[in-house]
Each structure stands twice: as C-alpha cells, then as structure tokens.
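Visitor: Chains as they are written, first to last, in the numbering used here: chain E, 1 to 488; chain D, 1 to 225.
Hints are computed from structural coordinates only; laboratory data are not their basis.
There could be a bad hint or two in this list.
[As the list claims (entries may be wrong)] Pairwise CB distance ranges, derived in the manner of DEER restraints:
no. : chain 1 : residue 1 : chain 2 : residue 2 : range
1   : D       : Asn218    : E       : Val418    : 32 to 38 Å
2   : D       : Leu185    : E       : Arg447    : 54 to 60 Å
3   : E       : Gly437    : D       : Met95     : 35 to 41 Å
4   : D       : Leu105    : E       : Tyr436    : 58 to 64 Å
[To be verified] Chain E is nowhere near these chain D residues, computed Cβ spacing over 10 Å in every case:
no. : residue
5   : His38
6   : Ser110
7   : Val183
[Said to hold, decoys possible] Here are the simulated lysine to any residue pairs, SDA-like style, with alpha carbons at most 25 Å apart:
no. : chain 1 : residue 1 : chain 2 : residue 2
8   : D       : Lys152    : D       : His38
9   : D       : Lys152    : E       : Pro151
10  : D       : Lys152    : E       : Leu143
11  : D       : Lys152    : D       : Tyr117
12  : E       : Lys364    : D       : Asn218
13  : E       : Lys364    : E       : Ser354
14  : E       : Lys364    : D       : Arg221
15  : E       : Lys364    : E       : Ile15
16  : E       : Lys101    : D       : Asp213
17  : E       : Lys364    : D       : Leu220
18  : D       : Lys152    : E       : Ser354
19  : D       : Lys152    : E       : Glu152
20  : E       : Lys101    : D       : Arg131
21  : D       : Lys99     : E       : Arg184
22  : E       : Lys101    : D       : Arg221
23  : D       : Lys152    : E       : Arg149
24  : D       : Lys152    : E       : Lys364
25  : E       : Lys364    : E       : Glu273
In this text, a Cβ means the ideal position worked out from N, Cα and C, and glycines have one as well.
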Amino acid sequence: MTAVWLILLIPLFGIGVMALIGHTRVAGWVNVVLSAVSFAVSVWLALIVYADGPLLSVSRMLYIDAFNVYLVTLTAFVGLTTAIFSRPYMQHEVETRQIGKGRMRLYHSMYQGFMFAMQAALTTNNVGILWVAMEGATLATVLLVSLYRTPEAVEAAWKYFVLCGVGIAQALFGTVLLFFAAERVAPTRDDALLWNVLYGAASQLEPTVLTLSFVFLLVGYGTKVGLVPLHNWLPDAHSEGPTPMSAILSGLLLNVALYALVRVKMLVDGSLESNLAGHLMMGFGLLSFMVAGLFLHRQRDIKRMFSYSSIEHMGLMTFAFGIGGPIATFGALLHMTVHSLTKSAIFVTVGHASQIAGTQAIEKIRGLIRTQPTVGWGLLIGTVAIAGFPPFGVFVSEFLVLVATMKSWPWLTVPLLVGLAIAFAGLFRHIHPMVYGDPPEGQVPVRANMLPVMIQLGFVLWLGIAVPVFLSKWFEQATVLISGSSPL
Amino acid sequence: MEFTQLSLYDQAILLLAAIVLFTSFIMLAQPRIVPLIHAFAWQGVLLAVTTALVAYVTNNPHLYISAGLNLALKALLIPWMLHRLAVRLNIHRDMEVVKYPSLTLLAGASLVVFSYYVAIPIVQLSALVTRNAIAISIAVILLGMLLMITRKKAISQVIGFMSIENGLFFAAVVSTFGMPMVVELGVAFDVLVAAVLFGVFFFQMRESIDSLDVDRLNRLREVDE
C-alpha cells in the first residue's frame, strides 16, 4: 500500500520543491531525479499488483487493479523520459527565448503538478475525485501552454482553458447524475461514488439516468480525449506550448481521459445490458479517426501535424473500446501503450528538429538526416512506427482492432483501412522532404539526447515482435476486467 | 399535482430555482460589466440560500459547509476579484455589444424548454421538485454556454464559465443533497484555482494582444491563407 501513496506523494512533494529552486540547471536535474524515483516506485507497485491482484487502500480512497496499474507505470515512464529530454531542451529555450527564472520555476513545479494530477486520476477509487483530478490536470498545464507569452501561445492557452473547462463541466454533470442513480443502491451516501461499490452494484443502477449520465460524461471526457468535433483546443495547445509539454499532453493526458471514459463505460454496460455506450464511442471514435486523418494533409506546423495524428489514434482507441469484445479491448490497451511511447518519442525528436531549423514550419525544416543523423533517423523511424508499419507495436494493435472489426462489423473495415491509408499519406508527404531534403545553408546540429527516444522506440519494436509474458498477462487481466472475457 | 399542494419546503425550493434561472437571464441580457458581475454574485447568494435551506430541512449538517463555501467563493471572493480586476484593467465602464438581444433571450427561453425535454427520462423516477430542479440546472448550464458564445469580452466569458459551475452545484444540491464532502472540497478548490488563473490570463492577454476582446485571438486557424 505504501507504494500507492508514494506514487502520489513524490510529485506532490515535487510541486513544492520545484517552486523553490530558482537555479534552472539544478531544477532540471531535480526534476529528472524525482521522475526517476516515481518510475521506480511505479514498477514496484506494478510488481505488487502483478503478484497479489487488485489493491484497495484502507480508507477506500485508492484502488489499483490491472487496468490502471499499467497506465500508472506508463505515465511514470513517459514522465521520466520526457524529464530527461526537458532538461537540455528547456536550457536551450532559456538561452534563446529569454524565459525568466520565475517562469522556469513555474514550469518545473507544474510539470510535477501535472504528474500528480495524472497519477491521482488513475489511482483514485472515487469517480468524483477522478473529475477533480482531470480538471486539475488542465489547470496545471494551462499556464505552461502560454509559457512563451506570444500572442499565439496566449490564444492557445485561452482556448485550451475555456474549451476544456466547459467540456469537462459536462462530465461533472454526468457525475452528479451518476451519484443521483447510485445514491439509491449504495449502502451509505459516502459510498455512492466509490468505483468498487458502483461496479459491484452496476446492474441495479437506473438505466435511463445512467444513459443520460453517460452522454454528459462522453462529451466531457471526450473533450479531453480530443474527439471530433470537440477537438479544437488540442492542436493549438500542443503546438504552442513548450515541446516537453506537447509530449506529455499527447502521450499521457489523452490516455488518462480515455481511461476515465472507459471506467464509466464499464458501469453503464453493467446497468444497460445493451451496447449503447459502445455504439456512441464507436461513432465518435470513427469520426475523429477519419477527420483527423484528412486534416493531417493540410498542416503547416510540424507539432500541429503530430497532434492531429494523436487525435486520429485516440479516435481509433475510442472506436476499439466501443466495439468492446476481448480482442478489440486487448488491441485498444496495447494501442494506448504503443501510441504513448511512440508519440512522446516523436514529440521529443520534433523538439530537437525545430531547434535545429529554428522554426516549427514544415516547409522550413529540411535535410535533418544530413545535418544531424540521429534526429533525422529518429523522426523517420518514429513516423514509420506511428503510421503502423509491420515490425512496430502500432501495427500489431491496429491489426487486432481490424480483426475485431471484421468479426463484428465487417463493413466498418473499409473506412478503417481507407483512414489508415489517408493518415499514412498525410504523414509521409510532409516527413519525406523534412528528413531527406537539402539542408539550408548554415544549419548546425544542436545538443540532443536521443537515448530516451531510442529506448522508447526500442520498446515499441519489442512490443511489435513479441509482447513479453508479464505484459500480456497484465493486458489480459485488464481485458477481462473491461470486456468480461479473455482474448487468449 | 398542484403547486399549492406541495409542502412549504418544496415550494420554497421551486421558487429559489425559478429565481436562479431568472438571474441567468439577467446575465444574458446585461451588457455592462459591473452589473453583470453583480448579477453573478446574486446567483451565488441564491445558491448558498438554497443549500442552507436544504441542509436545514433535510437535516444534512455537511451541507452547511457547502453553503458557507459557496457563499464565500461564488458570492463574495470571485465577484470581488473580478470587480477588482475590471477596475485595475480599466474595463469596468465598458459596454459589451450584444448583437440581437431579443433573439438571444428567445434562444435562452427555448434552451429552457429543451432542458425540460432532456429531463423527461428522470420524470418517472422522482418527485416533482427534483424533476424541475434538474431541468432548471441543465437550463442554467446551457444559458451559461449561451452567454459565453454571445459575448466577446474575456471577463464576460469567465462569468459564463462560472455560472455553468453554479448550474452544476445547484443540480448536486437539490437532486442529491450535495456530493460527498471530499468531492465538493475538490471541486471548490478547482473553481478557486480556475478563478485565479483567469485573472492571470487577463494580464497575459493584455500584454500580448493589448486587448481583452476574445475576437482578437484569431491567429491560430486551419484555413490556408
């Protein structure tokens, strides 16, 4: 149990410490150390859950099962690699953009604040606290999006704040309705929002109220997942903020929002005994997948392009969770993992690429492979992986989703395949000249630590060739939790 | 059931719900900044009164804490902060141009009808009071959104945002006698932080685009130029 509390206490401690350290170089290192400790603890926690099964804290505030523990570990891991990347990157930004010490303190403090909100959302047993933590994640990152204080950055942050705030308010209303239904069946009022109580009593919950509640929750958390047509904030926030922010927003925040959605879907499924929630998710998911793929083609900013790619993949996962069978769910869980790893690696590489070129405009970034081969190859391999080429993990998960679609909704395979092709073309028409073109005069390499990128892409490759036994057992347990039957 | 046949408590709750809805309409129609803030503060007061009444009648002492929190936050602190910001940024005498005011109000009225339609599934489930209260809280939420859509000044949008929160709080209090305490404290904390951040944003916006008109935030878009 100690491990669960430590997962929350370390970043909470980090918020305070980082707010006090004025020296940017030292703060960067402390950030790395704190993230490393968090990751170590999360591995410890994962091993405990792997051995002993679900954990419920004595106060019943925290609940860990196979579904959230792997996301906890993933969050801590991406948090660590991004912190390693962030240290030299932000140092470079401080030198070139004149960011004051106060703002760097804010940056580091809120980096830990964001990690805290994510871990709190994942580990809490209370559906209400889940909402509070999701909103907390927005609040922690909103000032980081406007860190550079350019008109564009302020605009992006304002959009992010207002759209996500209004969106997630719908989720609070959904939570109130859920409480309204649960109050009648839960033993005491304070129990009525506890997830383990709700899950046990799901079949007694009033279906009409729960349907209404799910619609609000879908709109609310769907805004944070970035589902079309609620996605407008996402490309702006991802492209205007500092790149480490883009990496953890894209790699982690979207996942955690989807996690919240799947948790409430499990309740609604138990109550409704029909797949209404799944159908809604399939519709929104497929729409996001198609629309984002088309938008990839007309992007001029490299970070905007990859944030549309995130919307596309989140759409695919939402679709897969919507289908709901064991294979689709297994595929979706795997896709969550490989997408996080690949996308955060890509954003790290993109950060270096835009520092080399001095801009984020796609048409000005040229000849990366000749200027700095590690960055060029990193970008190319990352894009190959995210587009779903065979040896990488994304291919496996997309293939599983396709198989599941073919089984239960054969006609939907066509739009899925068309969408994948469109997205592939959209990515490569932009990536090719950036990687291979002629570098402009006087383009010089930057100090870049590509090790985290290589490790992450290595993991994705490993997951594509063979999913390790402990991981597949985890995924299987989580799949059984979500869909009720095992895929293996 | 006739209105007069209800218990005094139910009648009082319905009356308060109606006045809360009315303050939403006042905000929708009010183009000046300072009266808008005042209308918002009054809505906060009404919410606190409703909460205290529910706490007294249903004998839920923890609701007194929510009532106090709500009074402190939504009726005093946030309006005071907004007022001070408006004075410091010298926008307190500004008039907002509300295009088509009568059309906006009509749209608001139809949103109320729509909210009652949405609440129909809950009708079979509960008493008259709850049904009305849920419909009215959905209406307050939607009117808050309408306020945000029709206004161009950042400060009016913040008020719309906060009044959406008011609608949520109202729903929680009247239909379920408040959420569990931890959740309510968490939500109140989030609202407070959000209010402070909005204040910070006013200054950042003024610094970067030299205005608090949200219309001027138009650099990021998808169209090819």
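Visitor: Let me make sure I understand: some of the numbered hints might not hold for this structure. Which ones are they, in numerical order?
Guide: 2, 3, 7, 11, 15, 16, 18, 20, 21, 22, 24, 25
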